[in-house]
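Enquirer: Below, each chain spelled out in residue letters.
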Amino acid sequence: MIVLGIESSCDETSVAILKDDKLTANLIASQDFHTNYGGVVPELSSRAHLQIINPLVKSALKKSNIELNNVDLIAATAGPGLIGALLVGLTYAKGLALTSNKSFIGVNHIEGHIFSGFLMQQKPEFPFLSLVVSGGHTLLLLVNNFTEIYKLGSTVDDAVGEAFDKVAKLLGLGYPGGPKIQNAALQGNADKIDFPVSDLKQKLNFSFSGLKTAVLRYVQSQGGVDKLSIQNKNDIAASFQVAAVKALTRNVKRALELYEVKTISVVGGVAANAYLKSEITKLAEKYKKNVVIPDLQFCGDNAAMIAFRGKSLYENGVRDTLSCKPFPSLSENHFLEI
Amino acid sequence: MSIHYSRKSNSEADTKDIAIEFSKLLNDGMVILLNGDLGAGKTFFVKRILEQFDIQNVNSPTFSIVNEYAGKKKFYHFDFYRINNSVELIDIGIEDYFNDEDAISFVEWADLFPAVLPVKKIEIKISVLDDQSRIFDFNGYD
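Same order as they appear, the protein sequences are chains A and B.
Using the numbering used here, you'd call the opening residue of the first sequence number 1 and step up by one each time.
Using the numbering used here, you'd call the opening residue of the second sequence number 1001 and step up by one each time.
None of these hints come from the bench; they were simulated from the model.
Computed from a predicted model, the values in this text were never measured in an experiment.
Be aware that one or more of the hints could be misleading.
In silico BS3-like cross-links for lysine-lysine, where the CA-CA straight-line distance does not exceed 30 Å [said to hold, decoys possible]: (1) B:K1125 - B:K1008; (2) A:K325 - B:K1024; (3) B:K1120 - A:K201; (4) B:K1073 - A:K325; (5) A:K151 - A:K62; (6) B:K1016 - A:K203; (7) B:K1024 - B:K1073; (8) B:K1121 - A:K203; (9) A:K201 - B:K1073; (10) A:K151 - B:K1121.
Which residues of chain B face chain A? A partial, calculated answer using Cβ under 10 Å [stated by the list, open to error]: (11) K1047; (12) N1059; (13) Y1097; (14) A1115.
A partial selection of chain A residues facing chain B, derived with a Cβ cut-off under 7 Å [unchecked claim]: (15) Q51; (16) P55; (17) G135; (18) G136; (19) D157; (20) E162; (21) L216; (22) D295; (23) T321; (24) S323; (25) K325; (26) P328; (27) N333; (28) L336; (29) E337.
A virtual CB, placed ideally from N, CA and C, is assigned to each residue, including glycine.
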């Protein structure tokens, strides 16, 4: 079975081809378009998606040595995301499905992330605990199979990736925040400052707004960012990272005490954080669980995960018609309540 | 809109009361700007307002740029924080959102890109006094 996957929910345009279990292409515009087409790195823009999508599809087919005719299923992100950006990928995919007479499925972007571990050699085993951590999302889920997903907890304010970005910015470390904080933290003393790890009434929910503000207040108490030495900044980064990761691992631990799972899978952009990986791995060893954390290329927004999610739905009998509409937000009751 | 008033909050409970009071002034089609430093509580204030319309799942829109909610009313919740230039906003169709007569728009960090904002708007300026206390200034413009 050959699946063509298309992702355009936010900043990234991406096209992937999944042939049976083998990924033959996973092109991401910000990384591949620039070098291949001499274009500029796209900024946040529906027009950028529009300009890139067709060449990217052609390039993915060529790279995979596949004709459009051989594709069995076209899967595209239907939401959540920016409506204008979603419309480009989804409408393109539907047009392609119509003209080439292929099956079509609109994929939920978050579900794409949840199952991105299946793109790895060692795959999650059901039931598994999924921690989705990115710039826009922080979710803890219990995944029983490809169609039964329970929401255990989510952020009540900022996403964890956003906290990394904002703290990096207020320390003057630059963008993207994740790698900048991680590098600074390597040289820092994490015991230097005791930043708060917020605990909510619903024990599996997360909050990162207070942590961000605590870092801000600390920087202000030191006379502002300009008064901080490099060592000060490194210490703040390390102390912040420990608090943020503790907030995540604490809830994973709580979920492990409550639910019987085989695997812990950490997905999304923040899954690239080495300290989070090592803390999750420690926890998994203690509870004798497998850990699946996808490679970097599957952590950020990518079409490989959309192709895989499309395929898993297709194999479970799901088909969408061309009236499938984009949806900007994840509805409150999208995932099952436990 | 002849809205010109200020409120002082000394606690999250006070902020909730200020949100309840302000939510009664809201009508479809309005654009409301929220300006204030990082950590001032812009998202927190929007969260408290939308709760008055039976919307409980408000998250920060920093990464997503705009979140949409539908409860007793329809809302767009923007954040300009990670926008690089106003062309990006035009390109995601910001005018279509602002011109939606059936929805109310909130815009965090609106002062970063004043050129894309409509003439008719309400500005909420949140000033931090200390860890707990905030001043909320409400000003309507026609």
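Enquirer: Work down the list of hints and note, for each, if the structure agrees.
Expert: Verification of the supplied hints:
1. B:K1125 - B:K1008: Judged against 30 Å, a Cα distance of about 12 Å means the pair holds.
2. A:K325 - B:K1024: violated (33 Å)
3. B:K1120 - A:K201: Between K1120 of chain B and K201 of chain A the Cα gap is close to 40 Å, so the pair fails against 30 Å, i.e. violated.
4. B:K1073 - A:K325: holds (21 Å)
5. A:K151 - A:K62: Violated: K151 of chain A and K62 of chain A sit about 39 Å apart, past 30 Å.
6. B:K1016 - A:K203: holds (23 Å)
7. B:K1024 - B:K1073: holds (12 Å)
8. B:K1121 - A:K203: Roughly 39 Å separates the two Cα atoms, so the pair is violated.
9. A:K201 - B:K1073: holds (28 Å)
10. A:K151 - B:K1121: The given pair, whose Cα atoms are some 38 Å apart, is violated under the 30 Å limit.
11. K1047: holds (7 Å)
12. N1059: Check passed: Cβ of N1059 of chain B comes within 6 Å of chain A, closer than 10 Å.
13. Y1097: holds (9 Å)
14. A1115: With Cβ-Cβ at 17 Å, over 10 Å, it is violated.
15. Q51: Nearest chain B Cβ about 12 Å off; hint violated.
16. P55: Because about 19 Å separates P55 of chain A from the closest Cβ in chain B, which is outside the 7 Å limit, the hint is violated.
17. G135: holds (4 Å)
18. G136: holds (4 Å)
19. D157: holds (6 Å)
20. E162: holds (5 Å)
21. L216: Holds, about 5 Å.
22. D295: violated (22 Å)
23. T321: violated (23 Å)
24. S323: violated (20 Å)
25. K325: Given a least distance of 13 Å, the restraint on K325 of chain A is violated.
26. P328: Constraint on P328 of chain A satisfied, holds at 5 Å.
27. N333: violated (10 Å)
28. L336: violated (16 Å)
29. E337: violated (13 Å)
Violated hints, in rising order: 2, 3, 5, 8, 10, 14, 15, 16, 22, 23, 24, 25, 27, 28, 29; the structure is consistent with all others.
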